[in-house]
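J.: Protein chains in written order, with this note's numbering: chain U, 1 to 876; chain V, 1 to 107.
Errors might be hidden in some of the hints.
27 angstroms max Cα-Cα, derived BS3-like pairs, lysine-lysine [what the hints assert, rightly or not]:
| # | chain 1 | residue 1 | chain 2 | residue 2 |
| --- | --- | --- | --- | --- |
| 1 | U | K780 | U | K487 |
| 2 | U | K45 | V | K91 |
| 3 | U | K211 | U | K257 |
| 4 | U | K630 | U | K649 |
| 5 | U | K6 | V | K32 |
| 6 | U | K57 | V | K19 |
| 7 | U | K721 | U | K796 |
| 8 | U | K57 | V | K32 |
| 9 | U | K796 | U | K558 |
| 10 | U | K705 | U | K721 |
| 11 | U | K45 | V | K32 |
| 12 | U | K327 | U | K408 |
| 13 | U | K672 | U | K630 |
| 14 | U | K189 | U | K121 |
| 15 | U | K630 | U | K558 |
Read the hints as simulated data drawn from the structure, not as lab findings. All figures in this text were calculated on a predicted structure; none of them were measured in a lab.
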Amino acid sequence: MNKPKKPPKFAEYLLRWILPDYTDKDSLGDYEEVFNTIADQRGYKSALLWYLRQILKTIPDVTHEKLISKISMIKNYLQIAIRSFNRHKIYSSINIFGLIMGITSFILLSLYIRFELDYDKFHARSENIYRIATEDQAYLYRNSYKMAQTHPALTLKLKQEFPEIISAARFWINDDIRVSINGDSFYEKDFLYINRDFFEVFSFDMATGSKESIFIDPSSIIISESIAEKYFPGKNPVGLIINFEGTKDFHITGILKNVPQNSHFNIDFLVSEENQRIIFDRDIETWRAIGCYAYIHLDNNTILDELEERISELPGKYFYEDDTQRKRRNISYSLQPITSIHLRSDLNFEIENNGDIRMIYIFSTISILILAIACINYVNLATAISSVRGKEVGIRKVVGATRNQLIKQILFETSIYVVISFLLSAVIAKLILPYYSSILEKDIMISFNESLVLLPGMIILIVVLILLAGSYPAIFISSFNPGIILKKGLSWNSGRSVLRSSLVIIQFTCSIILVLSVLVIGYQMEYLNNKDTGYIRDRIITVGIRDETLIDRISVLKDELSEDHRIVSVSASTRLPCNIDWQYRIHYPGMPDDLFMSMNFCIVDNDFIDLYGLELVEGRKFSDDHPSDKQGAFILNESAMKALNWDPKGEYEFDFYLDGEFKTGKIVGVLKDFHFLSMYEQIQPLYLYSGIGLESFTPRFISIKISDGPIDEILDLISAKFLDLSPDYPFEYSIIDDAYQSAYRTDKQLGAILRIFTIISVVIAGMGLLGLAIFTTEQKFKEIGIRKILGASAGKIMLLLAGEFTIWILISNIIALPAGYYLMNKWLGNFAYKIELNMLIFISAAIMILTVALVTISFQTLKASTANPLDTLSSE
Amino acid sequence: MKILSRSEELLLLTVYRLKSEAYTFNIRGNLKEITGKASGYGALYVLLERLVEKGYLKAYMSDPTPERGGKRKRIYTITTEAVEVLNDIRKVERLAWDGIGELKIDK
Numbered sequence: 001m002n003k004p005k006k007p008p009k010f011a012e013y014l015l016r017w018i019l020p021d022y023t024d025k026d027s028l029g030d031y032e033e034v035f036n037t038i039a040d041q042r043g044y045k046s047a048l049l050w051y052l053r054q055i056l057k058t059i060p061d062v063t064h065e066k067l068i069s070k071i072s073m074i075k076n077y078l079q080i081a082i083r084s085f086n087r088h089k090i091y092s093s094i095n096i097f098g099l100i101m102g103i104t105s106f107i108l109l110s111l112y113i114r115f116e117l118d119y120d121k122f123h124a125r126s127e128n129i130y131r132i133a134t135e136d137q138a139y140l141y142r143n144s145y146k147m148a149q150t151h152p153a154l155t156l157k158l159k160q161e162f163p164e165i166i167s168a169a170r171f172w173i174n175d176d177i178r179v180s181i182n183g184d185s186f187y188e189k190d191f192l193y194i195n196r197d198f199f200e201v202f203s204f205d206m207a208t209g210s211k212e213s214i215f216i217d218p219s220s221i222i223i224s225e226s227i228a229e230k231y232f233p234g235k236n237p238v239g240l241i242i243n244f245e246g247t248k249d250f251h252i253t254g255i256l257k258n259v260p261q262n263s264h265f266n267i268d269f270l271v272s273e274e275n276q277r278i279i280f281d282r283d284i285e286t287w288r289a290i291g292c293y294a295y296i297h298l299d300n301n302t303i304l305d306e307l308e309e310r311i312s313e314l315p316g317k318y319f320y321e322d323d324t325q326r327k328r329r330n331i332s333y334s335l336q337p338i339t340s341i342h343l344r345s346d347l348n349f350e351i352e353n354n355g356d357i358r359m360i361y362i363f364s365t366i367s368i369l370i371l372a373i374a375c376i377n378y379v380n381l382a383t384a385i386s387s388v389r390g391k392e393v394g395i396r397k398v399v400g401a402t403r404n405q406l407i408k409q410i411l412f413e414t415s416i417y418v419v420i421s422f423l424l425s426a427v428i429a430k431l432i433l434p435y436y437s438s439i440l441e442k443d444i445m446i447s448f449n450e451s452l453v454l455l456p457g458m459i460i461l462i463v464v465l466i467l468l469a470g471s472y473p474a475i476f477i478s479s480f481n482p483g484i485i486l487k488k489g490l491s492w493n494s495g496r497s498v499l500r501s502s503l504v505i506i507q508f509t510c511s512i513i514l515v516l517s518v519l520v521i522g523y524q525m526e527y528l529n530n531k532d533t534g535y536i537r538d539r540i541i542t543v544g545i546r547d548e549t550l551i552d553r554i555s556v557l558k559d560e561l562s563e564d565h566r567i568v569s570v571s572a573s574t575r576l577p578c579n580i581d582w583q584y585r586i587h588y589p590g591m592p593d594d595l596f597m598s599m600n601f602c603i604v605d606n607d608f609i610d611l612y613g614l615e616l617v618e619g620r621k622f623s624d625d626h627p628s629d630k631q632g633a634f635i636l637n638e639s640a641m642k643a644l645n646w647d648p649k650g651e652y653e654f655d656f657y658l659d660g661e662f663k664t665g666k667i668v669g670v671l672k673d674f675h676f677l678s679m680y681e682q683i684q685p686l687y688l689y690s691g692i693g694l695e696s697f698t699p700r701f702i703s704i705k706i707s708d709g710p711i712d713e714i715l716d717l718i719s720a721k722f723l724d725l726s727p728d729y730p731f732e733y734s735i736i737d738d739a740y741q742s743a744y745r746t747d748k749q750l751g752a753i754l755r756i757f758t759i760i761s762v763v764i765a766g767m768g769l770l771g772l773a774i775f776t777t778e779q780k781f782k783e784i785g786i787r788k789i790l791g792a793s794a795g796k797i798m799l800l801l802a803g804e805f806t807i808w809i810l811i812s813n814i815i816a817l818p819a820g821y822y823l824m825n826k827w828l829g830n831f832a833y834k835i836e837l838n839m840l841i842f843i844s845a846a847i848m849i850l851t852v853a854l855v856t857i858s859f860q861t862l863k864a865s866t867a868n869p870l871d872t873l874s875s876e
Numbered sequence: 001m002k003i004l005s006r007s008e009e010l011l012l013l014t015v016y017r018l019k020s021e022a023y024t025f026n027i028r029g030n031l032k033e034i035t036g037k038a039s040g041y042g043a044l045y046v047l048l049e050r051l052v053e054k055g056y057l058k059a060y061m062s063d064p065t066p067e068r069g070g071k072r073k074r075i076y077t078i079t080t081e082a083v084e085v086l087n088d089i090r091k092v093e094r095l096a097w098d099g100i101g102e103l104k105i106d107k
């Protein structure tokens, strides 16, 4: 015989597991010998087939032995579970409700978290797509040189220079364009100018038409399904014409499927990048400007650090003309995985406002805390009830149940609760989802197919819940000594209440921390909302200017508007006081000629300071009385004076670099600091420049202050004036306070969600406490009766009953308050302007929880302490 | 007298014939030679174990052998009770067939 052949290991293990126990597993040797014989005669394959057939043949027997014979036991467990449910309706309902609320919250929170984490994962090659971020000393914004955009010239070199870059997409994006369809004009966003590699890198699909069409003819355009639906409902728009900014006609050659909402950029219009050259006469191969977004698809084995370094060498190779330029620009590039952009990237010029990974951490923590609180309810109530069920356990043991069997029984009972709660929660979550999505303004809806993908996750969740909730009760209950239980019965206070009280303390510690966070976050938001921004936001309407011809006639517009008595004043400026995010280099005499400082700036007319009620600390406003102001004058804010180390009373000058030469202007005044950026940020240095109407810096906004009175009429008037002067442009306005508020919108949504889930967690914990209170009072009915007969007052008895719970909650407070203080201090650290954490917040959180707890249990204790002792004692 | 089924009888005889080599794999091979029919292993196990229960067979584990991948064999030997029963059967059989020539049915 040759060397013996063996059946595969896995099959042997499988057979060993399913073989009936009485065979002693020795028959495996027989199987192996037969296997060997067959292998010798007919080859390994048929031997393997035979072996597998043997396994299949055992299935009917195995199912009988391993499953069916157990069903009778399961039937008994089920019966007992149903009886116990009926007997302890209150506790069981509390358990089920708690679990349902906990699981529903968990599902909703994890769907949101999943949505956020899944950003940009729909691209087929998402793991190998990177965005190129640029660091260039020529661009300082928000205290950082790092930008999400890059130099157009760079992208052209990438594929030539680096074989590991498979494709390199780039695009420009316009967010405020005027399109006209059949003579009607609208403002639209997400207008992209793309290169050929765009579709290689990203996975966007067409609904109709070809992707190539826009590259064949640059005057072709692809529109999104939603745009097609909006402008051409029920029609096929292919072949129709869209006019761009009144200057260029595009004909539609295709429709793009809508971009999924979890993409960090949206697309409504797609044209070839050639149009950047054709329409704007822009150099799309330059190193001297930034403006396009670049994404590359990398080969699998690329070493990122090395590639980043090599890409950063390109400006030296192709761009720098001398060492001073190299020093001044010091350009470097880095690669960001596309899937990390949404949650972890916060550079200058991000396409959209990105999410915040910290919020994801906070939400994950809350979802787990809520589940834990619900599980603790189950553990507490199940162990409490077990004292009543001691007899059942005792009898089972006497009859011969092993400890393992009892553990299995309790786990089985727990799994009934968990599975029922889970199914109900899934249904409830599905019903709530539309409202939830609309609060968050995210499309978190989930289809049936998608939910199947989550199936393994759900099963894991169920198993974890069963173990969390069921394992302690199972071990506890199965440890009863049958002799003692059957003889004396089991008192629920038999030494186990240490664990129970510590679990309640944990629950309330979690709840108090959550309540505290909600309070602090709420106060902080309110503080930011109410903090004086330093400028007036009341009754000011702003209109964006897009019509370039209107810019030349701004004084006409201002005069015409001012004629009406309801309009108090009118001002034109490059930015609005709630968001002066433009920076421009500035130079002051005495500084080396080739050096600049970057500073936030706004070009304003003479009425701006008065209209917005900005306060001057020193000097004067821009005014017609000083003709030199027309040639250019400056007003700085206090922070700028401080940053420059200048005396507010001194006389200084600034050089404004324009069209290749310096224009010198006097600094005529110093402004009191006001919040021209987000409240989250420190006030930065700022200068106002009086040179309104400069060609490079045309005013973008008209601010109109109106007097009291119905706003609609005034709006009609303003609208008429605008349409009169620039009939081709739709009139769109905003109210400055709305614009200001919208910056804090996400925070408000998240705050609302946080509040809802905190309330849920407190409710669950409260219900658990209620269950325990009912249980204790039931156990102590007789004790209360005797005490009353001996002369105890109702008040004393209430104190006795509530005392224990009060102590638990006080202990929770002692643990939770320092922990909450630490966490909240850390959170507040992110803000430049923040509230002081004072004792009042902590005390109110503590009192809030204590009140909730005491009110919850008071019904029960009140009932018990006022009951007639005769009723409770006469039953025996 | 105790009655054995035909298959039980055949099994006992095979075990007797195989002596110390009487384990499932061989038993099955031998049975196949005699009857020309291959029985399933599963059926064989059940029958053999039933015979052990009835006290006609005894089973013991051999030492591990290399051709079974180091696994032990379960070897069966017949008991004195089985020998008695088999002898009884043989007697009954002989009596039953005595005087009967080739079987034919008269038309």
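J.: So, for every hint listed, does it hold in this structure?
T.: Outcome of the hint check:
As the CA atoms of K780 of chain U and K487 of chain U are separated by approximately 20 angstroms, the hinted pair is consistent with the 27 angstroms bound. Distance check on the hinted pair: K45 of chain U and K91 of chain V sit about 49 angstroms apart at the alpha-carbon level, beyond 27 angstroms; violated. Simply put, K211 of chain U and K257 of chain U have alpha-carbon atoms about 12 angstroms apart, close enough for the 27 angstroms limit, and the pair holds. Between K630 of chain U and K649 of chain U the alpha-carbon distance is near 23 angstroms, which keeps this suggested pair within the 27 angstroms criterion.
In summary, the hint linking K6 of chain U to K32 of chain V is supported, as the alpha carbons are separated by about 24 angstroms, within the 27 angstroms threshold. For a cut-off of 27 angstroms, the pair hint linking K57 of chain U to K19 of chain V is broken: about 31 angstroms separates their Cα positions. The straight-line distance between the Cα atoms of K721 of chain U and K796 of chain U is roughly 78 angstroms, outside the 27 angstroms bound, and the hint therefore fails. Under the criterion of a C-alpha separation no larger than 27 angstroms, the hint pairing K57 of chain U with K32 of chain V is consistent with the structure, at around 21 angstroms.
Taken as a hint, the K796 of chain U and K558 of chain U pair is broken in the structure, with Cα atoms around 78 angstroms apart against an allowance of 27 angstroms. In summary, the hint linking K705 of chain U to K721 of chain U is supported, as the alpha carbons are separated by about 15 angstroms, within the 27 angstroms threshold. The straight-line distance between the Cα atoms of K45 of chain U and K32 of chain V is roughly 24 angstroms, inside the 27 angstroms bound, and the hint therefore holds. With a C-alpha separation of about 73 angstroms, the suggested pair K327 of chain U and K408 of chain U falls outside the 27 angstroms cut-off, and the hint is violated.
Of the pairs offered as hints, the one joining K672 of chain U and K630 of chain U holds, with about 23 angstroms between alpha carbons and a cut-off of 27 angstroms not exceeded. A hinted pair counts as satisfied when its Cα atoms are at most 27 angstroms apart, and K189 of chain U with K121 of chain U qualifies at roughly 23 angstroms. Our distance criterion of 27 angstroms between C-alpha atoms is met by K630 of chain U and K558 of chain U, whose separation comes to about 17 angstroms.
The structure is inconsistent with the numbered hints 2, 6, 7, 9 and 12, although it conforms to all the rest.
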